[in-house]
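Here the protein sequences line up with chains F and S, keeping their order.
Taken in order, the first sequence gives residues 6 to 157; the numbers are from my numbering.
Taken in order, the second sequence gives residues 1301 to 1390; the numbers are from my numbering.
Keep in mind that a hint or two might mislead.
Here are the simulated DSSO-like cross-link-like pairs (lysine-lysine), alpha carbons at most 27 Å apart as the crow flies [unchecked claim]: (1) S:Lys1345 <-> F:Lys38; (2) S:Lys1331 <-> F:Lys38; (3) S:Lys1348 <-> S:Lys1338.
In short, the hints are calculated from the structure, not lab data.
Given the structure is predicted, the values throughout are model-derived calculations rather than measurements.
One letter stands for each residue in the lines below.
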Amino acid sequence: MRSVETKYFGTLPCAEESVFEFPGGMPGFEGEKAFVLIETAESAPLVFLQSLTRANLCFLAFPIQVVDRDYALAVAPEDLEALDLETGRQPILGTEAVVLTLISLDDGFVASANLMAPVVLNVKTRRGLQAIRRDRLYSHQHPVPQQQEQTC
Amino acid sequence: MLVLRRRAGECVLIGDEIEIEVLAVTHQGAKIGIRAPKSTIVLRKELKITQEQNAQAAQGPAEADFRYTLEKLRPPAQERPPLPDKPTES
């Protein structure tokens, strides 16, 4: 089994079938064409999208419904086609696709989620891409609720 | 912002080298063609926004701050998706 150097978890074994292929990379990271999804009991529901080729590239992400349980998916037909998903409708979460929102932290550790451009993973073919919405219904910096500092 | 009304087939010039032509207008949107020098980068704005947001997301917490970040991001109980209905005992 191959192994993957990770940013936060050292070297992990990595089964071939746990790799997601990103044929076009991601905007700003067009050269990164393979990622593994790392889930740990400790961090759940937070997950990690670790680049296979660049150890220090690891996105923090939530399943999108954790941030907005009523999120209305709107993946463009050409993105669905690139993912080998049916183009006439949105994919079914869980059985057909996993949809993640990438988390950004500012200097004060305040987190935001990019709901404008979710990462869509086809769970059967293990292909992924970042599907930028064509509408303006969701923000690329949606606030994420966080634990407050204990002040006692 | 300069606002112009243009119909299909009409153009707008920006400087000496950039030409924008409205090719078609439908209820789904306007189809535009852009002629510009190769050195001019033409991007859909949302792609640029996504590139910048990804660059920020890629920074992530430093290793030393990792556990602190995990704790902060743990969703409060009421923010978690609802649990499926409890099976009723028969």
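Let me make sure I understand: some of the numbered hints might not hold for this structure. Which ones are they, in numerical order? 2
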